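Enquirer: Sequence:
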Amino acid sequence: MKKLIYITLLTLGASCTAQTYPLRTYGEMPQNSYLKDTNNELQDYEGTWKASWKNKTIFITFTKLEHIYVWPLKQYKDRLIGKFKVIDKNTNQVLFDNTNISDTDAKIKGGGIKKNTNKYLLSYGDKDLCGLNGLIFIEFTDSTKTKLNWKFSYWSNMITQDCPYFYAEKFPEPLPKNAVLVKQN
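Each residue of the sequence shown is one higher than the one before, starting from 316 at the first, in this note's numbering.
Among these hints, one or two may not hold up.
Listed next, the in silico EDC-like pairs over lysine to aspartate or glutamate satisfying Cα-Cα at most 20 Å (straight line) [stated by the list, open to error]:
| no. | residue 1 | residue 2 |
| --- | --- | --- |
| 1 | Lys466 | Glu361 |
| 2 | Lys404 | Asp418 |
| 3 | Lys430 | Asp412 |
| 4 | Lys400 | Glu381 |
| 5 | Lys424 | Asp352 |
Pair ranges (Cβ atoms, derived) [unchecked claim]:
| no. | residue 1 | residue 2 | range |
| --- | --- | --- | --- |
| 6 | Asn347 | Thr419 | 27 to 35 Å |
| 7 | Glu484 | Asn347 | 42 to 50 Å |
| 8 | Leu380 | Asn431 | 39 to 47 Å |
| 9 | Glu484 | Lys389 | 14 to 22 Å |
It is worth saying that the hints were derived from the structure and are not from the lab.
Remember, it's a predicted structure, so these values are computed and weren't measured experimentally.
Glycine included, every Cβ here is placed at the ideal spot set by N, Cα and C.
The whole structure should be built from the sequences, with the hints applied where relevant.
Expert: In structure tokens form, the structure reads like this:
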């Protein structure tokens, strides 16, 4: 019981000393610090967006999560996550749909606003597609904030025979490389 009380007090003490910084703070910060969206910049990204490419339509919903622990940085931050559905325009067949997965399992996770720009950086990781990974930059095209420029670059770790697409002629493309996303709501 004494150990439990000690651990609780230690945790409370550590969390009380954690500092809060604005989202656009760059450089090294102490462990357990909190990058908070103090200017509510992320709310403009929230909602469902739509784009088309290669006879496909993507619907992507960005949601802001607050005070999320990011273990590699050992910090907390407010960030966006993205969940998407891709539909074949010709057949209306759903090609990809991860809209019902948990927020912690989202395949698109926000990293932050790139220094000296207004580009928001997101990472993409998809175990279902043989470890496909990538980086996404999104940026508003104008002051109405109803359109986003989307740039996606991807790579895959070594693909082994365990991958269902190992022998496929063409690897699936779940996301566009370049697109303009239009806000739907």
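Enquirer: Now tell me if each hint is right for this structure.
Expert: For each hint, the structure was consulted:
Distance hint between lysine 466 and glutamate 361 is fulfilled; the C-alpha atoms sit about 18 Å from each other, no more than 20 Å. Proximity of lysine 404 to aspartate 418 is assessed by CA-CA distance (about 27 Å); at most 20 Å being required, the pair is judged violated. The straight-line distance between the Cα atoms of lysine 430 and aspartate 412 is roughly 32 Å, outside the 20 Å bound, and the hint therefore fails. Distance hint between lysine 400 and glutamate 381 is unfulfilled; the C-alpha atoms sit about 24 Å from each other, more than 20 Å.
For the hint linking lysine 424 to aspartate 352, the alpha-carbon distance of about 15 Å falls within 20 Å, and the restraint holds. For asparagine 347 and threonine 419, the Cβ-Cβ distance of about 19 Å falls outside the hinted range of 27 to 35 Å, so the restraint is violated. Between glutamate 484 and asparagine 347 the CB atoms are about 48 Å apart, so this pair conforms to the stated range of 42 to 50 Å. For leucine 380 and asparagine 431, the Cβ-Cβ distance of about 25 Å falls outside the hinted range of 39 to 47 Å, so the restraint is violated.
With their beta carbons about 43 Å apart, glutamate 484 and lysine 389 fall outside the hinted range of 14 to 22 Å.
Violated hints for the displayed structure, listed by number in ascending order: 2, 3, 4, 6, 8, 9.
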